[in-house]
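Asks: Sequence:
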Amino acid sequence: MNRHDLNRLADFSVRVRESTLKRLKRVPGGKENAAVLDGVMSPADIAAHLIHVDTVLLALPATRFKGLDLGVAGQGITASRAEYEDLVAELATLGDRRADFIRGLSDADLEIPIRFEAIAGSGETALGAMLYRYLDHEAHHRGALPVYLRAWEAGW
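So in our numbering, the last spot in the sequence shown is 166, and the numbers never skip.
It is possible that part of the hints are untrue.
[Said to hold, decoys possible] EDC-like cross-link-like pairs, simulated, lysine to aspartate or glutamate; straight-line CA separation at most 16 Å:
no. : residue 1 : residue 2
1   : Lys41     : Glu95
2   : Lys35     : Glu163
3   : Lys41     : Glu163
4   : Lys32     : Asp96
5   : Lys35     : Asp96
6   : Lys35     : Glu95
7   : Lys35     : Glu93
8   : Lys41     : Glu93
9   : Lys32     : Glu100
10  : Lys32     : Glu95
[To be verified] Label-pair ranges, simulated between beta-carbon atoms:
no. : residue 1 : residue 2 : range
11  : Ala44     : Asp96     : 15 to 23 Å
12  : Asp96     : Asn17     : 29 to 37 Å
13  : Asp48     : Pro123    : 36 to 44 Å
14  : Glu163    : Pro71     : 39 to 47 Å
15  : Ala72     : Arg25     : 21 to 29 Å
16  : Pro123    : Ala92     : 37 to 45 Å
17  : Thr135    : Ala164    : 38 to 46 Å
18  : Asp119    : Ala164    : 43 to 51 Å
19  : Lys32     : Thr135    : 28 to 36 Å
20  : Leu159    : Glu134    : 35 to 43 Å
21  : Ile122    : Lys32     : 30 to 38 Å
22  : Thr88     : Asn17     : 38 to 46 Å
Because the hints were derived from the structure by calculation, they are not lab data.
Don't be surprised by glycine CBs; every beta carbon is placed ideally from N, CA and C.
Please construct the entire structure, taking both the sequences and the accompanying hints into account.
Replies: Structure below.
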């Protein structure tokens, strides 16, 4: 991965977050905590989980890039509409910080080995490669939202 790739990855990070936010903002009032199936994340859960994941990623330099355990934080929360909107606003802010974080990495940073848990499997990989898995992780959670929106539009 080179500087050009890193800038493209940061731009992709922005687009992924914009898409996530667009879907989260379309969730109707009263559906923030609704899940289509038992045991899956509600929109509020998804927002809280992605906030947790971003917070862990952005803390990596403070931990000297030692480990990344994202867990399933965020599942099972109950948020009022105002709290839900605060979660969505925080995600927007963190999305900007995440893109800046990615743009600020050096070539040497991209080769730092990261031990991670819970992003499409576990193991150790270079930070640069892990970032792709990280963004895929958000896309995975974002993918549930259109299903929810269609179900609600159909009267579920």
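Asks: So does aspartate 96 sit 29 to 37 Å from asparagine 17, Cβ to Cβ?
Replies: 31 Å Cβ-Cβ, so the 29 to 37 Å window holds.
Asks: Checking one constraint from the list: CA of lysine 35 to CA of glutamate 163, max 16 Å. Satisfied?
Replies: The hint holds at about 15 Å.
Asks: For lysine 35 and glutamate 93, compute the direct alpha-carbon distance and say whether it is at most 16 Å.
Replies: 13 Å, holds
Asks: Given the range 30 to 38 Å, decide if the beta-carbon distance of isoleucine 122 to lysine 32 lies inside it.
Replies: 32 Å, holds
Asks: I want to verify a distance hint. Is the separation of the beta carbons of lysine 32 and threonine 135 within 28 to 36 Å?
Replies: 30 Å, holds
Asks: If you draw a straight line from the CA of lysine 35 to the CA of aspartate 96, is it 16 Å or shorter?
Replies: 11 Å, holds
Asks: Could you check the hint for me, namely that alanine 44 and aspartate 96 are 15 to 23 Å apart, CB to CB?
Replies: Given about 18 Å between the Cβ atoms, the range holds.
Asks: Does the Cβ distance between threonine 88 and asparagine 17 fall inside 38 to 46 Å?
Replies: Once the Cβ atoms are compared, 39 Å apart, the range 38 to 46 Å for asparagine 17 and threonine 88 holds.
Asks: For the pair threonine 135 and alanine 164, does the Cβ-Cβ distance stay inside 38 to 46 Å?
Replies: 41 Å, holds
Asks: For the pair supplied as a hint, lysine 41 and glutamate 163, confirm whether the alpha-carbon distance does not exceed 16 Å.
Replies: OK: lysine 41 and glutamate 163 at ~12 Å, within 16 Å.
Asks: Between the beta carbons of leucine 159 and glutamate 134, is the distance compatible with 35 to 43 Å?
Replies: 37 Å, holds
Asks: Are lysine 32 and aspartate 96 close enough, with their CA atoms no more than 16 Å apart?
Replies: Since the Cα atoms of lysine 32 and aspartate 96 sit roughly 15 Å apart, the hinted pair holds (cutoff 16 Å).
Every hint, counting from the list given before, is met by this structure.
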